[in-house]
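A.B. asks: Take the sequences, apply the hints, and build the full model.
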Amino acid sequence: MNRNEAIQQLRAECNQLSAAVTRMHPMAPALEDAPTQAEIFKALYELTKHVETVKKQLMRLERRDDSELT
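Per the working numbering, the very first residue in the sequence shown carries number 1; after that it's consecutive.
Because the hints were derived from the structure by calculation, they are not lab data.
It cannot be assumed that every hint is accurate.
[Unchecked claim] Derived DMTMM-like pairs (lysine to aspartate or glutamate); straight-line CA-CA distance at most 20 Å:
1) K56 with E5
2) K56 with E13
3) K55 with D65
4) K49 with D65
5) K56 with E46
6) K42 with E5
7) K49 with E13
8) K55 with E39
9) K49 with E39
10) K42 with E52
11) K55 with E5
12) K49 with D66
C.D. replies: Next comes the structure, spelled out in structure tokens:
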């Protein structure tokens, strides 16, 4: 696997993780327990932040690679 393939694969996995978190969010209210819901929402938010960090790093790497070509 080369760098571009790894970037594309990582991006695809990030998109799947983001979609899973998005699907999980509306399920929390059905638990009918405010403290549990609050912790789940916090955890989902942290997951989202970390996935976005990975995506941002991939974009930076791509831009750096592009600038080295010119």
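A.B. asks: Hint by hint, say whether it matches the structure.
C.D. replies: These are the hints, each one checked on the structure:
1. K56 with E5: holds (17 Å)
2. K56 with E13: Distance ~14 Å between K56 and E13 Cα, so the pair holds.
3. K55 with D65: holds (15 Å)
4. K49 with D65: violated (24 Å)
5. K56 with E46: holds (15 Å)
6. K42 with E5: violated (32 Å)
7. K49 with E13: With Cα atoms ~15 Å apart, K49 and E13 stay inside 20 Å; holds.
8. K55 with E39: Violated, at about 24 Å.
9. K49 with E39: Satisfied, since the Cα-Cα distance of roughly 15 Å is no more than 20 Å.
10. K42 with E52: holds (15 Å)
11. K55 with E5: It holds: about 14 Å lies between the C-alpha atoms, which stays within 20 Å.
12. K49 with D66: Measuring from Cα to Cα gives roughly 26 Å; hence the hint is violated.
The structure fails hints 4, 6, 8 and 12 (numbered hints given earlier, in ascending order).
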